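Peer 1: Listed below are the residues making up each chain.
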Amino acid sequence: MKAAAFQYERPGDLPQAIALLAREGAKALGGGQSLGPMLNLRLARPALLVGLTHLDPLRSIADLGHAWRIGAAVTHARLEDERLAGAEMLAAVASDIAYRSIRTRGTIGGSLVHADPAADWPLALATLDAVVEIEGPSGRRRCPAETFMQAAFTVDLAADEIVTAVEVPKTTPDAAWSAFKFCRKQGDFAQASAAILLDPDRRAARVFCGALDGPPRPLPGIARRLAEGLALPGDTVERELGRLVPDLDPIALRMHAAAIRRAADRLGRSA
Amino acid sequence: MSGVGARVLRREDDRHLRGRGQFVADLHLPGQQEVAFLRSPVAHGLIRHLAAPDDARDRVFAQADLGGLKPIVARSTLPGYRDSEWHALAPGRVRFVGEPVAMAVAPDRAEAEDLVERIALEIEEWPALVTAAQALAADAPRLHDGWPDNRFVSLRYEKDFERHAAAAPVVVRRQVRLSRQAIVPLEGKAVLATWDERAGQLVVHTATQVPHMIRSGLAETLGLDEHAIRVIAPDVGGGFGYKLILQPEELCVAWLALTRRRPFRYVEDRREHLTAGANTRQHAYDLTAHADEEGRILALDAHVTVDGGAYSNWPFTAGIEPGQATGNLPGPYAIRGYRCRTECVATNKPAFLPYRGVARTGVCFAIELLVDAVARAVGRDPVDVRRDNLVPPAAMPFENVAGKRYDGGDYPGSLERAREAVGFDAIRARQAAGEADGRRIGVGFATYTEQTAHGAKVFGAWGLPIVPGYEQAVARITPDGALELRVGLQSHGQGLETTLAQIAHEELGLPLERIRVIHGDTGETPFSTGTYASRAIVWAGGAVAEACRALKPRLVAIGAHLMQAAVAETRLDRGRIVAPLAEASIREVAFAWYRDPTRLPPDVDPRGLEAVGGYRPATDTGTFSYATHAAVVAVDPDLGAVEILDYVVVEDCGRRINPMVVDGQTYGGTVQGLGSALFEESAYSADGQPLASTFADYLLPGAADVPAIRILHMETPSPHTTYGARGVGEGGAIAPPAAIFNAVNDAIHPLGAVVGETPLTPRRLLAALAEARLDR
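Protein sequences appear in the order of chains X and L.
Just so we're aligned, residue 1 is where the first sequence starts under our numbering, counting upward by one.
Just so we're aligned, residue 272 is where the second sequence starts under our numbering, counting upward by one.
Bound conformation, chain L alone:
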C-alpha cells in the first residue's frame, strides 16, 4: 500500500538526514562572490552621507548605483489601501533598523563584511514610530510621503450587530495582544544568482516557497521579460511565510548577476534574521462579547490593530493580515451579529509578513480567551460554554457571520474528544485537591477552523496583485515506463515529493520508486503561485490526479492494441494494462510510443504519454480544516514558570494523503505555536532598536521544552476536493497560544489574576499575579 492514505516514509528525508540536501548555502559556482549588506543602524532617519572606501568603489553599491531597478510596490484593490515604495537599498529615508542601505561584494563573506564596515554612513536620526499607538497619534510624522495618516489600510465589517447586541444581557470585554516575533526557519534568506550566457537567462537560485511569483516580481522590478529569468528553489529549509515574498536582497543579488554577468550569493545570518526579520504576529485586540445568560455569544464587537511595520510586502501586501483577521475572528462559533474594525498601521519596524497560520493564530488567541472570559462572567465552565457556542454538525454546511462557508465537520465532537483525552474530570478533581508543591494546575481548550486551499475569490477579496486561479501539473511517462511529475510549487518540508507521488501511484499504479516529483524550478515546471495557504496537497494533488487520469485512456488504448484486445474490455489495474486474455506493462506501452511507433494503433492519441492536468476545487472559497487543542499546565506562582503537563490535538483535515506527513505538519506547527505562546518575542527599545538579536535573547522552544504532543484524528472528507483532502500545513501553529493561555488562566483565576499577552514570560505572569494581589 503506497497510494492515498498510506503511511509512506518521506522520500526526501534520506538526503536530509544524511546531510546531503542541497541548499543555496551548499551551492558553489566558479567565480562566485559573496554579498554583505550595510543595514540601517537607526529605526527612522535620513541618509545624509553614504560613501564607499576609495579603494573599493567598484565593490560597494548604493541605491543610486542600481540603475533600472524599480522599487517593490505591492498594489492592492482594497478600498483605501495605501501602497509603499520599498527600494532594494534605501535611497534616502530609512524606516527600520536592519533596512539595507548598501551592499559590498568580496570573494568571501568575512571580507564582504570587512568592506561593509568601511562604508561611510551618516544618518540624520528622526523620532521613531515604534508602536502602533505612536504611529496613530494625530501629530505623528507620516512614514510614507503623501499619506494622510499612518494606516496601510482600515477595514470595516458589520453584519446584524446592533440587533443581536441589543438583545444580549451579558457584556464582556477583553483586551489581548500578541508580541512581535520572527519566523525563524532553519534556513533564512539565501539567494545565488548568475548569468547563463548560453540560455541568455538570469538564473536565480533562491530559498523561496513561490518560484514562479518571484520570477514575475524580478521581471517587473528588473524590467526583463519573464522568459529571460529562471528561478530555481533548491532544497529550502522551511518557509512558513518568510519566503513568500519578493525580498530586497533577492533583487540586489539578481541585479548584480544581471549587470556583472557573474555569480553572486547572499546568505542571511541569524542576527540579520532576528533583527531585520522581526516581522510577524503583532496584533492587538479589543473585543466585546454580547452574550446571553448561558454564555452564548450573540454578537461580537472587535477592534483589531496590526502593527504592519514599514512596508507593504509583495505580493501578499499589508492587506492580507487585516483581511484574514476580520474574516476569521468569529472562528468556529455560531455568532449572529458581528462588527469589526481592523487597521494595519505603518511603524518603524520590519515589514509584516504572513506567518504559518496567517492572522489566525492571533484571532484564535483573541476569540478563545474571550470565550473563557464569557464563561467566567456567566459562572459556567469554559468547556461547556465553548461547546454551546460551536457550530453544530447538524448546521453544516454553515455560512458564518463573516461569510465563510464551512464545509462540514464535527466541531463540538473535536472538543469533546479533547476533553476526554486530557481526563478533564480528573483534572478538576486534582485542582480541588491542590498540589503538594504549591503549583497550580490548569486546563485550557482552543477550537478553531482554518480556511485552507482557498482560491481566486478569497484572495481577490483581499486585493492581492497575484491571485491563484487554476493549478497545473504535467505527468510524463518516460521511454522506460517511469513517471515524471512536474509541479510549479515548492516543497520545503511538506513532503510533497512523497505525497504527490502517492497520488500518482493511486491513479496509475506505478511503484513510488518509479515516480519522480519535479518542483521549484520555473524552467521545468508549469506556472503555480506556489506553496502557501495550506494549499499544496489540495491544489497540486488535484492537478497531479487530473494529469494522471488524462494519461490513463491513452495507456489503455495503446496497451489494448498491443494485446489485440478491445479498448472497452481493457483497463488499467495496479500499474498493469489488463485485457481479458493478456496483460501489458506501462513499460511496454511506453516502449511502443517512444521507440516502436509502428506498433501503435492507427487512431492513437497524438498527444502521447505526456499530459497537463488542470485543477481547481469544485468550490474555491476554501475547505475548512478544524481542530481542538487542549493543554494541561502547572503554574509556579513564585517563579512564574509554566510547565506543560499534557498537550492534545484533535484535528480533522479531511482525507489524509499520508497520515505520517499530517502528523509531522501538526507536530511542527504546534511547536511553533508553543514558541509564540511561551518564548518568542522581538522586543524593541523606545527608539526602535531590536533587543533580541541572538538566540541568547530570542528564545525558541527546544526539544526539552516540548511536551509529548498527542494527536487524535477525525476524518471528514471535504466535498470540494479530490479525495476529500483539506489543507493541513498551518493548522498546528494556530491554537497553542490560545490553549496554553486558557490553561494558565484556568490555573490562576482563583487568585484573581488573568494573562493575555504573548509570550507568557515569567515576568508577565508574575506581574499579573502581583497585580491581582494588589487588587485584593
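Same shape as in the complex, but just chain X:
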C-alpha cells in the first residue's frame, strides 16, 4: 500500500516545530521506522508531518556530569557505537534493537513516544530511572521515563509537545545491570523482556518487566531481594509477577518470569 497524501514540513527550529505541531492533524516524524509502515498501511492518516530529526538540539549528546543528556533524535546506531561511559546499558540495548539498517534511522525519542509495549527503550529507560525532557508551547517540563508511557502506544505528551531529550543518570563503578529479551527471531519484537539496575552507591535497585500489554512494570520485591544479594528461589518471580500483573495467562507468566530470571542470571557479567 501507498500512504495517503499528506503535507510535509521541515521546521527551522524548535519553536517553529512546536507551532506546526499545533495545527490540526499534525504529527511529528522521527526516524520513521514505525510511523513509515503505519503511513503506508494507511493506519496513520496525518494531514501534516513535521520532520524533527534535523534539529540540532535534538541531535546532541551532552555530558552533564551526573548524567547524559541524549537528544531525542539520536539514533539507536549512534548509541550503539558511542558506548557512553556510565551508561553502558544504552549501547547494549541499542545494539540489540531490530536490525542495523533500522538502527541507523530509528531514534530513541521516536521509539519512546511511539510506546510499543514490546520496544526496548521504554523498558531500558524506566529501569535506568531516566527523565524525559519535553518542550511545548508553555515551555519545558520533565517527566520520569517510568511514568511517561501510560499504556500501549499512549504517552504523557500533548499533541503540540515534543520530546527533546532523555536524561540518563550515570551508574557508579560498583553498579550491576542487565537487560534480557526473548524474541522469536533475531530483530523481532520481544515476547518477554526484563531489565535490572543495581547501583548501591546511588541506592538504586530497579527491576522492570517489559513486553506486557501496557508499560513496563516495576518489580520492587525482586529488586529488593537482588539488592540484598539474595537468590530467587523456586517460583519467587512467578508469584510476584502474577500478583502485580494478574491478567497474564500461565504461559505468558512463565515466559516473562523466565526473562526476569535470565536478566538476574546475567547481572554484572554483561558490562
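Since the hints were made in silico from the structure, they are not lab data.
Owing to the predicted nature of the structure, the values given are computational and were not obtained by experimental measurement.
A couple of the hints might just be wrong.
[Unchecked claim] Not the full set, but computed from the structure, chain X residues with beta-carbon under 10 Å of chain L:
#, residue
1, F182
2, F189
3, P246
[Unchecked claim] With the C-beta cut set under 8 Å, the calculated list includes, among others, these residues of chain L facing chain X:
#, residue
4, L317
5, D385
6, R389
7, A411
8, D540
9, L910
10, A912
11, A963
12, T965
13, A967
14, P972
15, A975
16, T1032
17, R1034
A virtual CB, placed ideally from N, CA and C, is assigned to each residue, including glycine.
Go by the hints and put chain L onto chain X.
Peer 2: Frame of chain X, contents of chain L only:
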C-alpha cells in the same frame, strides 16, 4: 569443464546481484495506468451495494462491468470432485477476506488506492466457515450453490489394510496438523498488460512459472484465440507454486488492456500477499500405525483433511493437494497395508495453492512423527525403527503400497550417513549428561521420497484439466555459429539459463558464452506446461539434449563436405567438426549454411541448423529423489525457545547437472521448511479475519535464524531420464518440519511432553510442557 556435472557460476546472477534484473515492477510503458483492488473486508457475505464515486465512474470497475469475462472454473475428472466459479471480481457473494470486489485505475498506485477508498461498499456479513470442522458441520451453510456439503473432493484408497492391520500387535495413533501459511516469494503477483496494435495481440507481462498455461487460461476466460495473446514472464522473483495458477488479478488487468487498448499494471503488495495469499500447507492428520513389536509398520490407517479455502485453482484444482497427500503418505517405507481417506474442504479463506513440496511437507511431517511415536511405543530408538521400516536398496525398483514406483536409491544409507554426520552417539551421551544451562538437547530425523518430473499418467490421475505430455526445445545455430535454445518453461531462481546451457555444451561443445537460453515467452518458445513439480531439468533438459543431438549429424555432414572428408570419418568433438586430416568450426558450418549455400553438400538436410527436440522420460510416472534431514536442537523449557544446533541434509537427486545449483535449491528449500517448522503462520480470528498482515506478525526465518546447513550427496542416477537426473527443486522444503519436531520431541519426551502442530511457537511449546506437568 562446463558441461553436465560442472560447478558453473549461474549466469543470471550477474544481473540480479547488480540489481539489474527486469521484473514486472521494473517495466514502464508510455501511458501506463496502475491498478488497485478493493478487497472484501469480511470472510463471508453478500454485496448489497457497490458504487463508484460520481467523478470516477470510468476509472472504477466491478464484475458487472467486465463484459465477456468468464469466471475461472477448474474442472477435474476426479470422481465426486466439485468445481467452483471463481470470478475475477466477486459478483455478489464474497468468500474470503481479501477477495477482489472492485478495481480502480489511476496514473500511480497511491492515487488508485485513494480511489479505492472512495468506492461505496456495503456487505451483508454472513457467518464465516473459518475451520474445516465448521465447514463440515451438518448444518453449515454451503459455500457454493448446489453443493451437497462443503467438500471439494473426498478420496479413498485402500490396499491390503485389514489383513495386515489384523496381524499387528502394536497400535499407535498420532494426530498432527500444519498451520495455514503464505508462500511469500520475494516478488508477489505482478502483471502488466498492453495491446500491441501492430501484432493485433494482447501482450501480458506477468510473474508466472507457467506462461503457456496462463495464455490458455486467459484465452478461455477472455474468449480469444490463443494466437491473439502473448504472455511474457520477465525476471520472476520466485514462484514456489504461488505463480502456478491463473490469478483473478491477471484476468482483470488483461481485460483492462484488451478493452481499453492501453497498458495497465498491478503489483501485489506484501499486505495483500499475507492476507489474500494465505493459502497453503494447512493439513490435519489422524494416523494410526499397526506395527509389530519391533516397530515395523505393517499397516497404516489415515484420515487427512486439507483446508482448501474458498475456490478451486486453475489448472491445478483443489484435487492436487489431496491427491498428492493420499499417494505420498506412506513415504519411503515398506508399509504393506494402507487405508486413507482424504478430504479437501471449502472454507472462507483464500484458495489453497500447491507450495514447494506440494502436500509432501505435510505427509512427511505426519508419517515421520508417527514413526517416532511407534518407536517410543515399542521402546526402541527412533533412528533404528526408521531404518527398519525404510525400503532397502535390494528391493529396488520398488512399488509401494500406494502404487508409487521408486526407481532406485539407498534410503537406509541416507539415514545412516545423516546419523554419522550429526554425531549421533555423541548426542545421546550429551543428553545423558545434561546441559549446564538447563536446556534440553534433541536429535531428530526425517526421511522422504519425492516423486519428481512426473508426467501425464500421474497428473491425469489427479484429474487436472492440463496435463504435461511431451516437452519440446528448439535449438538454433545462428549465422555466426552461436546457439539459441528456446524452451517454453520459465526460470525464476532455478538457474536454467545456466544448466540448460551446460546440457547444450555437453552435447555440442560450444562454449557457454556462445549459448543463449530463451524462456518464459509464448511468442518465442515452444509450448510447455511450465516450471513446477521439480520437472524442469529432467524435461527441458531432456528436450534440449534431444534438440542438440538432432543438430549433430547435420553439423557433421556439412562440416565433412567442407573438408572433403567422408561423413563416416567425421565427428563432432568439443565444438569442432573433426575429420582425419582437417577440422572445421561450427562457425564455418553455420557460415556455409546461412551465407554461402553453394558450398553445402548436394544432399544437405534442408531442415538446416534449427531443430526441435521432443522428450518424455522413458517412464513418466516420475523419478524419485530422496533425502534424510537431521536436526539437532536445544530446547529452552522456560522460554519455549528452540535453537537449531546442527542441520544436515543427505540427499540424492541422481546425476547433478550443476552441483552448486543443486545446493542452492536445497538451501533455499530447507530455509522455507524451517519457516514452516518454526515461524510462518497465517492465523485467523473466529470471524475469519487474517491476523498476520505484515512481517511484524508473520515471521520469516532471517539470516541469523538459519543454521549452517550441511549438505551431503549421494548420486544414484535415474534409469528413466537423460543423464540420470532426478528433480531437485522442491525437496529441501519437505523435511524440515518433520526433522525439527522429531528433534524437539526427542528433547522433551522425557518430560512427558509432545508437540505436533506447526509452527512450533514458544507458546505451543510451553503449552505442551505445561500439559505434561499437569498430567504428572
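Peer 1: Which earlier hints can't be squared with this structure?
Peer 2: Numbers 3, 4, 6, 7 and 11, in rising order.
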